[in-house]
Amino acid sequence: MHNADTLERTTVPQQQGAAQRIVHYRAYKPAPFTLEDREQATILFGGLQWRTERLIQGAIERFGYKTAVLPTATREDLLAGRELADIGQCCPTSFTTGNLAGFLRKESQRLGAAEVSRRYVHVTAGSCGSCRFGQYHQSYELALRNLDLESFRLFLLQQNALDQGEAAGQGLDLSPQLMTGVFWAVLMGDVLQDLEYQIRPYEVHAGETERVARESVERLHEALRSAPLRGGRKSGVLWYLLTGHFTAALREVYARYAAIEVDRLRVKPLVKITGEFYLQTVEGEPNYNIHRWLEAEGAEVYPAAISIWIDYLLRLAAQEAEDRIGVRRGARVKRAGAAAVQGLLRWNYDRMRAALGGLPREMPRQEELRALAAPYYHSRLNGGEGDMLVGKALWAHRKKKAHMTCELSPYSCMPNTMSVGAMAAALGRHPDVLYAPLEIKGDAEVHALSRCQMILTEAKRRAQREFEEALERTGLTPASARERLAGHPARLAGCKVPHGGAAGTAANLVLHLAATN
Amino acid sequence: MDTSAAGTETRIAHGALPARDKLRLGIPRVLNVWSTHQFWIGLFGALGLDARRIVFSSDTSDEQMREFGKGRGTVDSCYPVKCVSAHYGELLALDRHRRIDVLFSTMIYSVPSFLHGHVVDSLACPRVMAAPENIKAGFLKEGDAFAARGVRYVAPLVALGEPDMAARQLLAALAEFLPGVTRREVEAAVRAGYAALEAFAAAARRQSREILENCARLERPCLLVLARPYHMDPGIGHEIEVDLQAYGFPVLWGQYLPTDPDLLGWMFGAEVAAGQVRSGLDIADVWPSSYSANTNEILWAAKFAARMPWIAGVIRLSSYECGMDQPTYTPVQQIVERSGTLFFSFQDLDSTKPAGAVRIRVETIAHYLARDAAGIIARKRDASPPDCPLAAAPLP
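Protein chains in written order, with this note's numbering: chain A, 1 to 517; chain B, 1 to 396.
Computed list of lysine-lysine pairs in DSSO-like fashion (alpha-carbon distance at most 27 Å, straight line):
1. Lys-353/B / Lys-70/B
2. Lys-141/B / Lys-399/A
3. Lys-70/B / Lys-441/A
4. Lys-496/A / Lys-401/A
5. Lys-400/A / Lys-141/B
Part of the chain A face toward chain B, derived, beta carbon under 10 Å:
6. Gln-138
7. Ser-409
8. Ser-412
9. Thr-417
10. Gly-428
Hints were generated in silico from the structure; no laboratory data involved. The structure presented is a predicted model; accordingly, all values stated were derived computationally and were not measured. The beta carbon of each residue, even a glycine, is placed where N, CA and C say it ideally should be.
Next up, chain B with everything else stripped away, as it sits in the complex:
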């Protein structure tokens, strides 16, 4: 479907907007929105927008790109950024009662990270943060496609990794489509956004801990996925971990591992005492250039896997032309493998899901896990301190 105005009613981009509770806001379901979506839901809810009118684009797919993204690319980029054109196109093409008034696509400069304070910085990847400017160009180069659809394009830059900056950075952008919004309102909404995000992350970490406790109790292996948040998008990560889950292996994501002090103390206490790291969340021993939030979390999760007996296998997902992942390939593999944990890597993922190859690989992984997991768990447990807090957990 073409996203031009042909055959449709054209509204002026800067014309009147509906009242807050009637406003339809489109958010591309891309990149770091995958790890911050709860913030945006919390923020706009607190500002009085109807949650049913906040429209996320679909999961990434080949069809989406063919239908909505064709001809909008401006430069060769990594696959996850390339896909953003299709998400913009899809949101712009929404018609009649589903038509959006505002396309809200943030340039997320830095990301809230549980490693904050233990790393140098929590920046987003330079491509990921700049993607809206790049993708926008594809919708402006031959005329203003946003204006042609009567959609207001709003793309604020926000350092979500610095909560005290976020309200200030968002105020002007929000005022573009929420007339009369006050600074105090935005500050309160930003607080609500962070609270929603933290609540979601805490619940996910709790669930991960429960999975690990269950594995410890039953001496059962589980798998850890090391990937960027947007690999949760079925069109980016191709649901490889879902195929493995079908074999009965519980799957954890590195972004949502438990960070409870008792567990970190058990896993990293000796290294902290020896002065090798400053805390259980410190990654300077393996990755001193810890500027990038998603990279930092992958490296930390790899360390976690190396010290967690019941994580018997690690699955690494990486997209086509991911420059952030590239320098981490060897360190991550080394961190995992030196502990005797199985390591499997799917690199250069793009639009094509090589279903046959993935199936064979998944079968191979399942085979090795079934064959070796018990030995891996035993060896890693023997190398760990006694009194694991997971094993002491009461039955649910």
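In isolation and in its complexed conformation, chain A is listed as follows:
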């Protein structure tokens, strides 16, 4: 096994007699994915939250591919990842490496290695930067070698390109049209997730939100899978931009959510999730099931949208071009292009929000996040969430978007630790920010959750205090507020409670009830 698991290694080659030809080391190169493979091979992917994964399946299947989602990574995968790749990986690499390896190992036992290599290909995100995120594939490749699956095909997506081209061979064409479908799946996954997390903590009939969420995801999956194929590889993008196909499906979904009975007078701290991409996105053991744990602890969770990450990457691209105006040819056009795509992203995100009754929260403006973070973290330092991590925590606090921020920081994540370290200065100047940076190792759950619980206790106090202040300000009592709610549209999930200046849902509802009755 090629596992560098010792502090110090000494390798002495065997004494050999006659001179021999040296066969130099070469990196893994996937075998081509041919047109015939398209019929047989299943594209494996994963590492996101389940709604988005299911929707992406629909978006890819629309183009005739077979797909399968990897199961959510488990602690067992973490251990397998550590075992199969080089020592010292960041926790997301260990989880995702072990996740892929675990799936392939089981399938190999069932089908044999050759059949697994024929039947599956894995598509995963690469990156345009030097963070290990761009080098995850090294770990995957090493794991594959260690599993004797060197002929398994692994393809990388560049996160900064819409046109991924034809992956080696002509069978896998990740065209702009297909990738736009994937982006639309991401946007819809985000707005659905946000809606669900706003409703579930307040549902009157337990399990109703979960049921509607499952049905809704299936409905949208079908909308993506059966979407009409209009236009070519590139021109097909226009159809996505202009169609009402998805907003119609979202409105249908909204009607299901809207009928859920809720009690938003339950006082709950609102906890914003931020952090490293994988850990803030995934829902499961890799982040100690933090979303569900927070809900079980009495919080309302403000999940992290992938769309904000895309918006951030576009901002970085625009900045990079802007800095090079007058130095590089075409920089002005690139900046304008990035800004235009940012605009289209926001416009479509807002269309989808509107189709869901305006309930999903808006994306924060990148310029605003950048300005808030500027004294603490340079906006041109990329890798991870960079200055956005600082900006989001301050934005949530100052704009009363959440009572506390729970920041999920993977063990050994390079860029994330830099942002978290810089937060020390921000907290020095804003000591009232409730900020819980949790180092996630994957196998130290009690420690991380107990740390979170300490901050959550204060967040609960703040939510309660804020609720009482809202009552005092409006002259209502809990009982009279409840009386007003009985005949009010806000007793159903479809009613949007406006942000009245409080962070918590219950306090905002009190202010809304006072204003509307």
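Given chain A's structure and the hints, the job is docking chain B onto it.
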């Protein structure tokens, strides 16, 4: 020593600064400053600063951290970044006639690399480039320690890997403490900086070639160190290669290997002709995600070692929690070992120099080199093309 203002004269951070030739500039001797220091010397010299007033912090040491860095950390990080707090603290603590006016700590976004044009990019590690923001926080969280010492903190972000961007990025930062500095002046100074850096690198490469020529002539082995530039810091790399040198083995650093066309043609010509690589500096065959400059250079140097007969052993140094090195452990080891070259690795280096363990390891390495080097050289030479340009070099 505490770096607060207690007991010392406090100046206002944004108050008047001395004239250029009287200005004392502090530069932390950390991270990629180890590979770019000549640029900064050249730059500030051209801008009229007195070289004697450019103060680099000391080499990293345990004592430095205990005295100047204690309580300044904000987050667990790799060891080389963690150490930066102590360097800041040391520079801020300089007193009386040695007191600095400006603490200049650049966020080096990308690095000049001899592999430029042959790789995807030449970025710095995300932790290394962002270290100043992270370390700064430790000096601001309980009050402004820079202001308290009357020191102006200047930390520009500069893409040194893009020479046409550097002047633009540095201008505003330099104007903060060099009033009246013009764009033209900065452009000229940046050119002088790059020239100084290139001259230094060329001289170092020439010396490396001379060492290799000598080894080829005498059929003698030498060692190659694969590490990041800051492992040259005795407090980071613990001078492991110095201990080996004491056994009589010449030591080369991967960053300063010769890149002369005749030599690269001899080493990589067949692979270029076969279409396996595009040039002797291409690493796509072993490391396609070639974004990071220091990583790229380590991978290329490993390839160099695998094809250079007289490099009989490779020493890999890696620091505690180095995320950039982590995915390279196996590829680097494989590149080296498949050629039959000895490979030794010292991983997770931190503040503690395990002197006893290092001594035993060094003795082991010396033993194997003494025993196997001749065979390794012979096998690698037999596998190489004839007419090595090193062997043809005239005697000095």
